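One letter stands for each residue in the lines below.
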Amino acid sequence: MLEANALECARGGRRLFQGLSFSLARGELLKVSGPNGSGKTSLLRMLCGLLPPVAGEILWQESDISSLKENYLKELAYLGHANGIKAELSVLENLRIHGGLAGDDPSEEKIGTVLERMGLGGSEASPAKTLSQGQQRRLALARLLVGNKPLWILDEPLTALDAEAVNLIQVVLGEHLKGGGLAVLTTHQPLEVTTGRTERIHLAPVNED
Amino acid sequence: MLTTLRWIIQRDMTLASRGRAGVLSTLFFFVIVVSLFPLGVGPELSVLRTIAPGVVSVAALLASMLSLDRMFAHDYLDGSLEQLMLVPQPLSIVVLGKIIAHWLLTGVPLVLIAPVLGVQFDLPPKALVTLVFALLLGTPVLSLVGAIGAALTLGLRGGGVLVSLLVLPLCVPVLIFTAGAVEASITGASAEPHLSLLGAVLVLALLFVPWTTAAALRISME
Numbered sequence: 001m002l003e004a005n006a007l008e009c010a011r012g013g014r015r016l017f018q019g020l021s022f023s024l025a026r027g028e029l030l031k032v033s034g035p036n037g038s039g040k041t042s043l044l045r046m047l048c049g050l051l052p053p054v055a056g057e058i059l060w061q062e063s064d065i066s067s068l069k070e071n072y073l074k075e076l077a078y079l080g081h082a083n084g085i086k087a088e089l090s091v092l093e094n095l096r097i098h099g100g101l102a103g104d105d106p107s108e109e110k111i112g113t114v115l116e117r118m119g120l121g122g123s124e125a126s127p128a129k130t131l132s133q134g135q136q137r138r139l140a141l142a143r144l145l146v147g148n149k150p151l152w153i154l155d156e157p158l159t160a161l162d163a164e165a166v167n168l169i170q171v172v173l174g175e176h177l178k179g180g181g182l183a184v185l186t187t188h189q190p191l192e193v194t195t196g197r198t199e200r201i202h203l204a205p206v207n208e209d
Numbered sequence: 001m002l003t004t005l006r007w008i009i010q011r012d013m014t015l016a017s018r019g020r021a022g023v024l025s026t027l028f029f030f031v032i033v034v035s036l037f038p039l040g041v042g043p044e045l046s047v048l049r050t051i052a053p054g055v056v057s058v059a060a061l062l063a064s065m066l067s068l069d070r071m072f073a074h075d076y077l078d079g080s081l082e083q084l085m086l087v088p089q090p091l092s093i094v095v096l097g098k099i100i101a102h103w104l105l106t107g108v109p110l111v112l113i114a115p116v117l118g119v120q121f122d123l124p125p126k127a128l129v130t131l132v133f134a135l136l137l138g139t140p141v142l143s144l145v146g147a148i149g150a151a152l153t154l155g156l157r158g159g160g161v162l163v164s165l166l167v168l169p170l171c172v173p174v175l176i177f178t179a180g181a182v183e184a185s186i187t188g189a190s191a192e193p194h195l196s197l198l199g200a201v202l203v204l205a206l207l208f209v210p211w212t213t214a215a216a217l218r219i220s221m222e
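In order, the protein sequence lines correspond to chains F and V. Read left to right, the first sequence gives residues 1 to 209 (our numbering). Read left to right, the second sequence gives residues 1 to 222 (our numbering).
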């Protein structure tokens, strides 16, 4: 489904990685690891189409994502370093607007069950800025469950989460993969997901001459 | 496509209604700048009538610059711009939605308050009507052209001033035609040619800006 061929990435004149290839099928998980500054976030942003690769190509169902454009974005949910939630909007508004823009138009009941599951039940009407750091991360993760996208791209999804939430994410990820989804994620914390196959990529700093 | 536009506009309007200071400051800036002129120049009616078209257009131009740097900056800082760029619609549609919202929040209030301010300059009723129409055509252009500047200076320090420096020269046609239309109707000539030209500028901007701004955003977000 998702395939990368000979990707090369350079940031600020420095080459971060080159010749990176992988392929991911339904139900598979890709874990990207590496030290700070090795290009993990850049790789993830590349997979979202936010950052064009210097060389190489990214294929989704055998077509280049740069030619698929919106048809590819329809299949993808991204969680970046920043949560991407609006502090002034309520929890419910954040999910409704995001869902509406993503083309899911989720029902209130669905949002309700997702919030209950993410431990945010009862705070639907409170502005997102009144939530704690961890709760905001939970809200950002709730977006994944409200939508119904096959490909999840998660950049450090576990930051600021407590042990209970980490467990929850493992379960949720397992369900997503079992349901035929794909996931690409970076994390510094151990994350155990029961799934068919986990591919691992370790990005090491490139030594240039 | 239309639902995306609707969601973006609704989103930005709700956000603005939660922090009203931003919207009102543009309006009050416009009111105060325009009101300063009669105080500074003196109550000579013939002088006021002559400078009125220019003063109101320049003030509208400056007022709309005030809020430009915020068009994308907040969304950029909290990461929601990334999410907006991943909306499964052409980025130019998302951009157009944000521009329309910006115009509704900053341009429309200026259009509505302008006739009241025109009275301070003893503008005849016909000129006031022309002023409203000219601003109705001109202020969307300011939001549109401003969007390019806002997207290009995204994430730069001192972006606010830079946006104004980039955008103000590009807005000269709007200034000339707005002032020209009002002036024409004061002297009894037809304002139609000026308004038609303003309309042409608006159509041209609507055609090219969403696409250009989307390209600028992509570069800024890399």
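Careful: at least some of the hints might be erroneous.
[To be verified] Below, in silico cross-link-like pairs of lysine to aspartate or glutamate (DMTMM-like), each with a Cα-Cα straight-line distance of 25 Å or less: (1) F/K31 / V/E222; (2) F/K129 / V/E192; (3) F/K74 / V/D122; (4) F/K69 / V/E44; (5) F/K74 / V/E183; (6) F/K31 / V/E82; (7) F/K74 / V/E192; (8) F/K69 / V/E192; (9) F/K129 / V/D78; (10) F/K31 / F/D64; (11) V/K126 / V/E222.
[Said to hold, decoys possible] One side of the interface only, derived from the structure: several residues of chain V facing chain F at Cβ under 10 Å: (12) R18; (13) G42; (14) E44; (15) S46; (16) V47; (17) L48; (18) T50; (19) E82; (20) V87; (21) R157; (22) V161; (23) S164; (24) L168.
[Stated by the list, open to error] DEER-style ranges, computed between Cβ atoms: (25) F/H188 / V/V203: 51 to 59 Å; (26) F/G37 / V/V116: 41 to 49 Å; (27) V/S92 / F/A6: 52 to 60 Å; (28) V/L204 / F/H188: 45 to 53 Å; (29) V/G155 / F/R15: 45 to 53 Å; (30) F/G13 / V/L162: 22 to 30 Å; (31) F/R117 / V/V172: 55 to 63 Å.
Calculated from the structure, these hints are not laboratory results. Predicted model, so just to flag it, every value in this text is computed and none were measured. Even for Gly, the Cβ is constructed at its ideal location relative to N, Cα and C.
Next item on the list: Mind listing which of the numbered hints don't hold for this structure, in increasing order?
Entry: Result: hints 2, 3, 4, 5, 7, 8, 11, 13, 14, 15, 16, 17, 18, 21, 22, 23, 24, 26, 27, 29 break, sorted rising.
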